[in-house]
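Peer 1: In terms of this note's numbering, the sequence shown opens at residue 1 and continues consecutively.
Please keep in mind that the hints were generated in silico from the structure rather than gathered at the bench. Incorrect hints may have been included.
[To be verified] Computed Cβ-Cβ distance ranges for the label pairs, DEER-style: (1) G111 <-> E200: 23 to 31 Å; (2) P97 <-> N53: 35 to 43 Å; (3) W133 <-> T61: 17 to 25 Å; (4) G111 <-> Y229: 20 to 28 Å; (5) D45 <-> S21: 24 to 32 Å; (6) P97 <-> E232: 17 to 25 Å; (7) R141 <-> E189: 15 to 23 Å; (8) E232 <-> T61: 20 to 28 Å; (9) A46 <-> N212: 17 to 25 Å; (10) N66 <-> W126: 35 to 43 Å.
[Unchecked claim] EDC-like, lysine to aspartate or glutamate: derived pairs with alpha carbons at most 20 Å apart: (11) K231 <-> E138; (12) K120 <-> E138; (13) K25 <-> E35; (14) K34 <-> E138; (15) K2 <-> D106; (16) K34 <-> E68; (17) K109 <-> E85.
This structure is a prediction, so every number in the text was calculated from the model and none was measured. Cβ atoms here follow ideal geometry from the backbone N, Cα and C, with glycine treated the same way.
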Amino acid sequence: MKISIIIPILNEAATIRALLSHLLKASSAIQHLKEIIIVDGGSTDASQEIVSNFAKDQKTTIRLINSERGRAIQMNTGASSANGEIFYFLHADSFPPKNYDLYILDEVKKGNAAGCFRMKFDSNHWWLRFLGWLTQFESKRCRGGDQSQFITSALFSEINGYDESYIVYEDNDLVDRLFTINQFVIIPEYIVTSARRYEEIGIWRLQYHFLNIHLRRWMGASSEDLYRYYKEKVVS
Numbered sequence: 001m002k003i004s005i006i007i008p009i010l011n012e013a014a015t016i017r018a019l020l021s022h023l024l025k026a027s028s029a030i031q032h033l034k035e036i037i038i039v040d041g042g043s044t045d046a047s048q049e050i051v052s053n054f055a056k057d058q059k060t061t062i063r064l065i066n067s068e069r070g071r072a073i074q075m076n077t078g079a080s081s082a083n084g085e086i087f088y089f090l091h092a093d094s095f096p097p098k099n100y101d102l103y104i105l106d107e108v109k110k111g112n113a114a115g116c117f118r119m120k121f122d123s124n125h126w127w128l129r130f131l132g133w134l135t136q137f138e139s140k141r142c143r144g145g146d147q148s149q150f151i152t153s154a155l156f157s158e159i160n161g162y163d164e165s166y167i168v169y170e171d172n173d174l175v176d177r178l179f180t181i182n183q184f185v186i187i188p189e190y191i192v193t194s195a196r197r198y199e200e201i202g203i204w205r206l207q208y209h210f211l212n213i214h215l216r217r218w219m220g221a222s223s224e225d226l227y228r229y230y231k232e233k234v235v236s
């Protein structure tokens with residue numbers, strides 16, 4: 001089995017080269033990686049140029065493909081062209097632990113077809129440390145896209161991938177469906193993700209709106225309602 005890493009990006013010039021370098025250095029064996037697929041949703045910065053230049057001198061296949069904007073759409077687009085038996089979906093500002101590939105392969109060999117890592121932020125703020133601490137628990141309420149997502153290509157196809165009607169909450173929707181069929185495991189190693197969104201918007205403001213989004217979803221809000229709230233309260 002080999003892993004296809006799929007990374008959706010939009011204007012990630014500040015982080016994408018560091019992430020690609022990290023993925024190659026942190027893997028236990030390059031032969032475990034089938035490819036790294038960068039799915040660009042219309043970047044207007046130097047992201048595409050950085051990826052193309054980095055890919056030239058690498059033994060691991062690194063592909064840059066274009067897609068309509070939207071994380072769910074981009075991840076499905078990447079999956080549709082992936083050749084590995086395992087898909088590993090990763091945010092552009094999240095750095096998996098050393099030997100991440102071996103951890104994923106070991107879980108799949110045990111019969112765990114989907115799961116994620118625990119997560120911690122690159123910040124010492126007590127609340128963000130607390131959020132990271134929560135990711136050790138085996139509850140779907142403690143999950144999020146920043147923890148990354150591995151899933152076998154067969155299972156991904158079986159559950160019809162990401163629901164593209166979700167502009168936000170797409171990761172949680174996938175996790176909800178995986179928990180429903182009892183196909184999810186949390187690897188007890190930590191991925192480190194950027195706290196930049198919290199720093200840009202404000203920790204308490206962003207957390208309040210994230211909790212509101214979760215609450216609205218639990219109360220039956222549609223994907224359109226969630227996106228409307230996110231666009232009005234978070235993006236604006």
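Peer 1: Now tell me if each hint is right for this structure.
Peer 2: Status of the hints after comparison with the structure:
1. Distance hint for G111 and E200: a CB-CB separation of about 41 Å, inconsistent with the stated range 23 to 31 Å.
2. Our hint of 35 to 43 Å for P97 and N53 is violated, since their Cβ atoms are close to 27 Å apart.
3. Distance hint check for W133 and T61: the Cβ-Cβ separation is about 37 Å, which falls outside the suggested range of 17 to 25 Å.
4. A hinted range of 20 to 28 Å is violated for the C-beta pair G111 and Y229, which are about 38 Å apart.
5. For the pair D45 and S21, the beta carbons lie near 18 Å from each other, so the given range of 24 to 32 Å is not met.
6. With their beta carbons about 36 Å apart, P97 and E232 fall outside the hinted range of 17 to 25 Å.
7. In this structure the hint that R141 and E189 lie 15 to 23 Å apart at CB holds, the actual value being about 21 Å.
8. Roughly 41 Å separates the CB atoms of E232 and T61, a value that falls outside the hinted 20 to 28 Å.
9. Range check, A46 to N212: Cβ separation about 35 Å, and the 17 to 25 Å hint is violated.
10. Judged by the Cβ atoms, the range 35 to 43 Å given for N66 and W126 holds: they are separated by roughly 41 Å.
11. A threshold of 20 Å between alpha carbons decides the hint, and for K231 with E138 the separation of about 30 Å lies outside it, so the pair is violated.
12. Between K120 and E138 the CA atoms are separated by roughly 16 Å; this keeps the pair inside 20 Å, and the hint holds.
13. As the CA atoms of K25 and E35 are separated by approximately 14 Å, the hinted pair is consistent with the 20 Å bound.
14. The hinted pair formed by K34 and E138 fails the criterion: a straight-line CA distance of about 29 Å is larger than 20 Å.
15. Distance hint between K2 and D106 is fulfilled; the C-alpha atoms sit about 12 Å from each other, no more than 20 Å.
16. With a C-alpha separation of about 24 Å, the suggested pairing of K34 with E68 is violated against the 20 Å cut-off.
17. Distance check on the hinted pair: K109 and E85 sit about 12 Å apart at the alpha-carbon level, within 20 Å; holds.
Hint compliance for this structure: hints 1, 2, 3, 4, 5, 6, 8, 9, 11, 14, 16 are broken, all remaining hints hold.
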